[in-house]
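Trainee: Work out the full structure: start from the sequences and follow the hints.
Per this note's numbering, the very first residue in the sequence shown carries number 150; after that it's consecutive.
Certain hints may be false.
Computed cross-link-like contacts, DSBU-like style, restricted to lysine-lysine with a CA-CA straight-line distance of at most 30 angstroms [said to hold, decoys possible]: (1) K213 x K289; (2) K289 x K323; (3) K289 x K329.
Just the calculated beta-carbon pair ranges, DEER-fashion [claimed, not checked]: (4) A231 x Q185: 21 to 27 angstroms; (5) E251 x S229: 31 to 37 angstroms; (6) E332 x G230: 40 to 46 angstroms; (7) E251 x R350: 23 to 29 angstroms; (8) A231 x R285: 24 to 30 angstroms; (9) P182 x R211: 20 to 26 angstroms; (10) Y292 x G230: 31 to 37 angstroms; (11) Q277 x G192: 14 to 20 angstroms.
Worth flagging that the hints you see were computed from the coordinates, not collected in a lab.
C-beta atoms are modelled at their ideal positions from N, C-alpha and C, and glycine is treated no differently.
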Amino acid sequence: MTETRIICTVDVVLLTLEQGALKVALVRRDREPFAQALALPGGYVHAQEDVDAQASAARVLREKAGLEGPPYLEQLATFSGAVRDPRGWSVAVAYCALVPAEVLAQAAGRLQLVPVDGLPPLPFDHRQIIDAAVQRVRSKSQYSSLPVHLCAEPFTLPQLQAVYEAVLGEPLNKVSFRRKVDELAMLEPVPGALQTGGAHRPAQLYRVRPPYRRSLSLSARGL
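Mentor: As C-alpha cells, then:
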C-alpha cells in the first residue's frame, strides 16, 4: 500500500489599515494550481531551514512581502483535509500578522490590499482562513492591546481610538476607551513630543512600551 504524501504549508493573513478600512494583503500566484489568482502569502515548510512553523511564516513574509523585521505574528489555526488543495491531502498552519500600512509601502507592487469586507473569489480555503483571522482580531480587540500593532509610531490617543474603531467597526466612547488604555498600561508618552496644527490644542504623542512591541503574545500575558 502506497503511503500518501501530505502537503505541509503555512499561510499568513497579513492585516493592515488603509484609509480607515481593515484590509488583507494578497499576492498573485505564480504557479498552478490557481495560477494568477489572488491568494494569501504562503508556501511550503522548509524542513531543513525553518526551526518551526512560525519561522516558516516569518520567512514567507520576508520573501513575499519584503518584511525583514517580523511584525506581530500569532498562530491562528490549522486547516487540513483531502479536498482543500487539488494537489492532495494537505495541512496548512495559518498565522495572523498585523502591520502598519506605512511598513507595507516597501512591498509596493508585490501585494494587493483588499478590504476584508469586499474579498474577491479566493483559491483553496483562503476565504475561510481570512474570516477566522478577522473574527479573532475583532474579538481580541475588545479587551486587549492588539490593534496597537496597526499604528505607526508615534501616535495620539485619538488616532489610536480611530484604529480600534476601524477594526471593531463601531464607534467607542472616548472616556471608556482611555480608561481601558490606562488599564492595559501599554503606552508611554514620547517626552516633549506633541502633535501641533489644526484647530485643536497640541496633543501628546505616544509609543508602545517595549514589552508590548512586535512580539507581543496575548496568551502569554493573559490579556
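Trainee: Does each hint hold? Answer for all of them.
Mentor: Here is what the structure says about each hint:
no.: 1; hint: K213 x K289; result: holds, 27 angstroms
no.: 2; hint: K289 x K323; result: holds, 19 angstroms
no.: 3; hint: K289 x K329; result: holds, 13 angstroms
no.: 4; hint: A231 x Q185: 21 to 27 angstroms; result: holds, 25 angstroms
no.: 5; hint: E251 x S229: 31 to 37 angstroms; result: holds, 35 angstroms
no.: 6; hint: E332 x G230: 40 to 46 angstroms; result: holds, 41 angstroms
no.: 7; hint: E251 x R350: 23 to 29 angstroms; result: holds, 26 angstroms
no.: 8; hint: A231 x R285: 24 to 30 angstroms; result: holds, 26 angstroms
no.: 9; hint: P182 x R211: 20 to 26 angstroms; result: holds, 24 angstroms
no.: 10; hint: Y292 x G230: 31 to 37 angstroms; result: holds, 32 angstroms
no.: 11; hint: Q277 x G192: 14 to 20 angstroms; result: holds, 19 angstroms
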